[in-house]
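Engineer: Chain by chain, the residues run as shown.
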Amino acid sequence: MSRTPGTVIAVGRTPPRFRGHGIYLDGTSAAARATALSFDDATGELVLEDVGARWPYDEIRRLRDQAGGDQAVLRLADDPVRRLVLSAADDIRLVRSRARRLDRAPRVRGRGRLAAWGVAAVASVALIVLVLVPALADRLAAFLPPGGERALGEATYEQIRNALGDDMMPLEVCDAPEGRAALAALEARLTEGAGLEVPLTVHVLDHEMANAFALPGGHIVFFRGLIEEAARPEEVAAVFAHEIGHVAARDPTRIALRSAGSIGVIGLLLGDFAGGALVLVLTNQLIRADYTREAEAAADAFAHRRLLAADLPPDGVATFFERLLDETGAPEPHSFARHLSSHPAMGDRIAAARAATPEGRVFSPALDADQWAALQAICRR
Amino acid sequence: MDETASSSSPGDARSTTWPGGAPAANLPALPPPPPGLLARFDPAADSLAVECVARRRPLFWLALRTGALTVLTLGLYRFWMKTRLRRWYWSSVRPGGLPLEYVGLPGEKLLGFLVAVVILAFYIGLVNLVLVFASFSLFEGSVPGFLLSFVGVIPLWFYARYRARRYVLARSRWRGVRSGLLPGAWGYALLAMRMWAGTLLSLGLLWPRMTFRLEKYRTDRTTFGSVRLHQQGDWHMLWPAFAHLAAAAMLSLAAGLVAGGGEERFLWFWAVTLPWLGYGLVRYLVEAKRLMADAKRAGPLGLVARPKVRRVLLIYLLGYAAAALALALPAVLLAILAYSLEVEPSLGDGRSPTLLAAGGFLLYVSIVLLWGTLRHVFVTMPLWRHYARTLTITGTASLPEVRQQARDEFAEAEGFAEALDVGAAI
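For the protein sequence lines, the chains are A and B, in the order given.
In case it helps, UniProt numbering puts the first sequence at residues 1 to 381.
In case it helps, UniProt numbering puts the second sequence at residues 1 to 426.
Treat the hints with caution; some may be incorrect.
[What the hints assert, rightly or not] To be clear about the criterion: a stretch of chain B counts as covered by chain A if any three or more of its residues have a C-beta under 8 Å from a C-beta of chain A, and this derived list gives those stretches:
id, region
1, 50 to 58
2, 106 to 114
[As the list claims (entries may be wrong)] To give a feel for the contact side, a few chain B residues facing chain A, derived at Cβ under 7 Å:
id, residue
3, 137
4, 176
5, 403
Calculated directly from the structure, the hints in this document are not laboratory data.
All residues carry an ideal CB built from backbone N, CA and C; glycine is no exception.
Using the sequences and the hints given, assemble the complete structure.
Structural biologist: Written as C-alpha cells, this is what we have:
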C-alpha cells in the first residue's frame, strides 16, 4: 500500500501531483471532517480540498511533544483553534518538504509582561520580608506581654539547642554547680540597680563556637567556646553586659518575631525540600543577631554604664577580640570573631569601649581565681 | 483584484485558479486512505473507543531530559517540564483516533506562580507573624499559632486545587473544542472542608459521601464546548465499592484495640487485614472512579468506564517495585560512599572534601531525578493508559452539535497549587 517515495522516479513533463488525506477540525464545533489534500506550489499553499481552505506553507506548524509519532497535528501559526490531523507517514513527509517552518516553535507572546511580573514579584517579596515584616515585628514586640516573651524565648532556645545538636541530640547544657555559682555572682554584680523589667535566665551550652547571644524574655546564652577563649573574667563580664543591654532594649524579641514572619515566605520560595535548611537559616539569624548599628551602639552604651557601676572595666571586650584575632592570625571562618571583625562598625565599638574606660582607674576583679577556674570548667563533669 | 482567487470559501476556490493554475481535472485520483485513523474514521459513529498510544521509551527520555533541565535551572524549567509532559500525556489519549490536545503555556504557569507567590508571601509573612504574636501573647506558646496557621492554609489547598483544575481543563481540547471549569473555588473549599469534617467525625464511614459530593461539584461545573457535564446518581451507589475497605479497616482497628488491651497475639491479624486494607483502598479508588464515570452525562454524550481493580493493583505493585529496583544501583553507590566516609573519614583526606561533597550531591540529585522519571514510566503512565483504554464515549453522533466556547484567559494559571505544592499528578 504505502509508496516509498525515495525510489519514485518521475518521468514526463511534470511529476505526479500529491493527493493526501487529513481530518480537519474547524475549531467552531466538535465536528471532524475528512478532507483530501493537495499542494499548490504556485502560491505556496496546502489545499484542504473538502474544506475549501488554503494554508500557506510558511504558516503551517506541527504540535510538539506529541505521543505516538504516527500522527501529525498541524495548525496555522496565528490560528489558535483550527487543526489538521495527518496520519500517513508519506503525507507528513511530503508536507514537511513544502512547509519548511513546520517545527518552528510557536511565537511567544507577552515576554515583556512576564519580565515585568517577575520583577514585581521579587520586589514585593523583598518589600514584605525586608520592610513590612520587620516594621510590623518591631511594633508588635512592644506589645508582647512578659509571659509571652518568655515563652517565645524558651521556644527559640530549644530550637537552637536542637538545631546545633548532633545526631538528633540537643546541645548539652553546662551546669557544673561551682561554675553556675560564679556566673550567678557575675550576673548579680552586673544587674544590681539596673532596673531590668525581666529577670535574666543565663544558659551555658556545650558548643565550641566563641559566641554569646540574647533571646527574648531575658534569656542569655553563652557557648563554651567563648568562656574558654576568654583570658580573664572581665572579658566575659563585658560580653555579658553587652547582652544584658540587648535584653533591656528587647532587641531579641524583635528579631525572633521577624524571623517568625519571614521563615514561611522563604519556605514558600524554596519549596518543601528546604525545610531542614530553613531551621538552620532561622537559627543562624538568631545567634548571629544582626541588630542594627543603633541597637548595637545602645547595647554598648548600656554595657559601659553597667560595667562602670559594677566597678568593672568596659574595655574587656576590646582585649578579648583583639587577642582572638592575634591568636588565629586570620579569624576562623564562621567564628564569632570573624563575624564581628567583618562588622564595619567593630573598630569604632572597640575604640568606644577604650574611650569609656577611665585611664588609671583600678577596678576590682570580676571574679576571684577560684571562681574564674570554676567558670572555665563549667562544661566539665 | 480577482476576488474569487483570494477567497477561501469552497465554491470560489474551485472556480478559477485551482490548484495553482492547473485545471482541477488534471489532479490524480485520490489514493485510498492510509490504514489507521482514516480507514476507520466514521463521523456518524455513536460510540468511540478511547485509544492510548503512550509508550515507555519516549516518555522516559522526555521525562529525563526535562527533569535534568529542571535540576540544572534550579527548578525554573519545571513550568516547561510540566507543559511538555502534559502535551505528551494528552496527545497519547485518542478517543476515536483523534488526540486530546494540551495548549497550556509555560510562560503563563510561571506568571501564575509569581502572582501566587506575591499574594502568599503577604499572607504567610504578615499573617504568620500576627499569629505567632497572638499565640505567644495569649497562650504563651507557639502551638496555637502553628495550629491556626495550618488550619488557615487548609481552605487554600482546596481553593488552589480547584483553580489548578480550572486552568488545566481550560487548556485542554478534543476535536478542536475547549473544555472548561466554571468558577467556584471558594465554594469548593467550603464543601471540601464540610465533607472532610463529616468523614473524620464518622471515622471514615462517610468517605463515599465526600468522594461523590466533591466529584459532583467538579463535574457539574465542567464544560466541553457548549455542553455542560452532569454527575448523576447519588453517593449510596459507592457503597459496594467501599465494602472491602470498610471491612478491612474495621477488622484492623478491632484487632489493634484488642491487642492494645493486652492480647498482643491479636496483632497477627494485621498480617491479613493490612494487605486486605491495601487491596480495599485500591478497589475503592478504581471502582468509585468507574461508577462515577458511568453516571456522567453531557447532553447526549456519556461515558462507559471499565477499569480493572486487579490491573491497577498490579501497576502499583510492579510499577513501584520496578522503579525501586532500577534505583537500587545509584542508591547503593550513595549509601556506600556515605558509609565509608562515616567509618573512615581518612578516605576523604587525600581528595578535596568539596569534590566529594559535590559528587555525593550529584549522585543524590540524579537519584531524585531518576525516581521522578521512573515513576512516570512505571506508574503514572501505565495507570493513565489503563484508565484511557478502558473508557468508551457514547452518544458521539451528536458531537457536531457541540459548539466551541470562549477561551478562559485565567492569567493566574495554577500558581497557587504550584506554590502550595498541591498540583496535579502530572
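Engineer: Taking the hints in turn, state whether each one holds.
Structural biologist: Each hint, compared with the structure:
| no. | hint | in the structure |
| --- | --- | --- |
| 1 | 50 to 58 | holds (count 4) |
| 2 | 106 to 114 | holds (count 4) |
| 3 | 137 | 4 Å, holds |
| 4 | 176 | 3 Å, holds |
| 5 | 403 | 5 Å, holds |
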